[in-house]
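So the protein sequences, as listed, match chains C and U.
With the first letter of the first sequence counted as 1, position 74 gets the number 74 in the working numbering; the numbers rise by one all the way through.
With the first letter of the second sequence counted as 1, position 103 gets the number 103 in the working numbering; the numbers rise by one all the way through.
Cβ pair distances, simulated, as ranges: (1) U:Pro123 x C:Ala52: 57 to 65 Å; (2) C:Gly148 x U:Arg158: 47 to 55 Å; (3) U:Arg286 x C:Val57: 22 to 30 Å; (4) U:Glu107 x C:Ser128: 44 to 52 Å; (5) U:Asn302 x C:Ser128: 50 to 58 Å; (6) U:Leu261 x C:Ala52: 28 to 36 Å; (7) C:Leu64 x U:Pro123: 37 to 45 Å; (8) C:Pro56 x U:Pro123: 52 to 60 Å; (9) C:Ser205 x U:Lys369: 49 to 57 Å; (10) C:Gly109 x U:Arg286: 53 to 61 Å.
So the derived list for chain U, only partly shown, Cβ under 10 Å to chain C, looks like this: (11) Asp199; (12) Asn333; (13) Arg424; (14) Gly427.
Hint data in this document are derived by calculation from the structure and do not stem from the laboratory.
Quick caveat, the model's predicted, so the values are computed rather than measured.
Cβ atoms here follow ideal geometry from the backbone N, Cα and C, with glycine treated the same way.
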Amino acid sequence: MAAVRANDAALAGFCGSEVASALAASPIEALGYAFAAYSPSALLLDWLVMLAAMMPVLLAHPILHVWRSVVPRRRPGAVTLFALGYLWIWSLAAIPLATAALWLQLATGGGVAVVAAAVTVALVWSASPWQARAIDRGHRLGRITSLGWRADRDAAVFGVEHGAWCVCACWPWMLVPMTAGNWHVPAMAVAASAILTKRLTRRGSPRWRLPAPLDRLLSSPRFVRISEAARHG
Amino acid sequence: MASVRRDVATLGKGWNDTLLHYAMAVRHLDNKPISERTSWKFLAAMHGFHRPWWVQANVISEADQIPPELEDGTYGDQCQHGSWYFLPWHRGYLAAFEAIVAATVKELTGAEWTLPYWNYLDPGNPAARDIPEPFVAEKMPDGSENPLRRYPRRLTDRLPNVSPQRFGLGAMAENDFLVSADGSIGFGGGEKPFDPGADASGDLEFNPHNSVHSMLGGFMGNPYFAGLDPLFWLHHCNIDRLWEAWMRTKGKTMTRDPRWLDGPTDRRFILPSVDGKDPGIYFSARDTLGGGKLHPTYDDLNKGTGVTPGAAMVATVGMGPPERQRVDSLGSNGEAVVLTGQAAVTTVRVDLAATKAAVTSMGVTAPGKETTRLYLKLEGIRGEAPTALLDVYVNLPVGADPASHEGLRAGSVDLFGLQRASRRGAGHGANGLSRALDITEIADRLRAAGDPVGADLRVTLVPVEGSSSDVPLTVDKVSLLKRTGVATPP
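Just chain C, same shape as in the assembly:
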């Protein structure tokens, strides 16, 4: 986490620098400069740390599926391969997402407006039928053979497939901490909460709905009781 904070602080410093200002008129050049200045391996490490902090709760169900699907002696290996497949697809997704986050910061100089824009995009996405479709596909439990090399293959493939639908469902929320500069860690907590809330919110056919956090609040038993009491005295 310290590495993430250091890199973000550095990035924030760069985005506010005179160099960045001079380059802001040409964000493409600025991107090239930024990627040259910051080690891809460090960025990848930061990204994986961020995933490790945000995703474990979401992965409980698919990991249990893998665990139960194979014979006991293959469980640790199958779960490891599932995780590797999942992280691999997210690592690929990091390239366009990190690029977009950098570009946004460079193009605008960073700040509250960028974060607000990222949150807005994430909320609109959360309300959309497209995200609902991605989540629905993500609930699909892949077939995992119980024994032999097929067990390993199936676990890895399931990790990739599950990760791909997870990327489709969550990508805008990942932009929030990546554009938050020094507020990276709190923004990460907010994004993780929003993603988890969506996972715990009512399912149904894909259509426009209230964004998950709001929907969750309005449909919570406590809120329903309060609104009932208010309406009926």
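Please arrange chain U on chain C, whose structure you already have, making use of the hints.
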């Protein structure tokens, strides 16, 4: 709830008052527009609703005004299948329905009314499987059209005499509501969030619940339409009674998980009140248990239930507290099986050492000793038909006629709700249906006969209904499970 639900067979032959008043209420409620929450169609749509299919089936017209609460994730399409909420949700649903019909009967005739149950597995009644006469009669006693047979049904006389593996009370022998959290094994279904088409049905849901739906066919064979058939409610009343009888039998363990008692956590169940006005009736599973506002009373919990409340069952050895039991995979087949109307054979490769160890402790009954049971699990069963039927055999000789090897039949799987559970974009991942069949007795017989139990299993899947070359049925995986516990005295 003061009223007592009775066996429809004990209420008098033909058009007894209860069924006559029921028919009058059905007609009255079915004349109301679907926009009213106490209308027949609204009540049925709470179980399952998909507007294009209802229009296609002429249940509603394009011009009908559909109330938003049937399509916005509140009242409509709420039924819980393949889940540990199957029994409590349907209990609440029956209670709301019964209250609305009783109020209608009171309004129309001044009489009291209670929902009867159809005790189709009562061994003491030779006519138990007959569809009660008023549900098949052409006309009402006054010569008017009979609303109890308005909606289509495949069967018009009685439920057939088929193997108890398809239609029987074997589910009542299971001692635990929930053993494996994923729903592989247990009486009541697996842990799920709110989900009308989940894949973790308990034993009771498969048989006799699914069996009766599938055998009756027509609207009863499709969860999107089933609630429209007036017979649906008498069937579910009996399923509810079976749950009550099971809970009151010694040796049975209900779940006390707070997520079940107070769930679902992702939304609340809602029922219409008798006047149909807001706020409706919110409830959780806790409300359906003894002392709860939706708990029913039955006149009898012995006849046709396969258990004797208060007494212990000895059919299946106790395996200790469910949370201490383990369920492990011993092996599986190598790839999905696609059925196009013909039988298919698939080989389940097993971990030989683990399977031999499991077979050794199989059937142990000495208290305190480890005991195991073996299950054949079919998972990810998907198809386009509303329902389907699959017979499953273990180690059937090559080329043998399945019908002449009843002893090798692991079970019959009635796949009511198949299409719903396979439908993409419904929020549940289209995981299809899953079913674990207890093959302990078969394995024991095979062992006694010298079959090399502990080696790979040859599983034959025979599609009886619901699959063809045009409408294939897919079984994603067939696996062998071992359930381990500690033998406990009954």
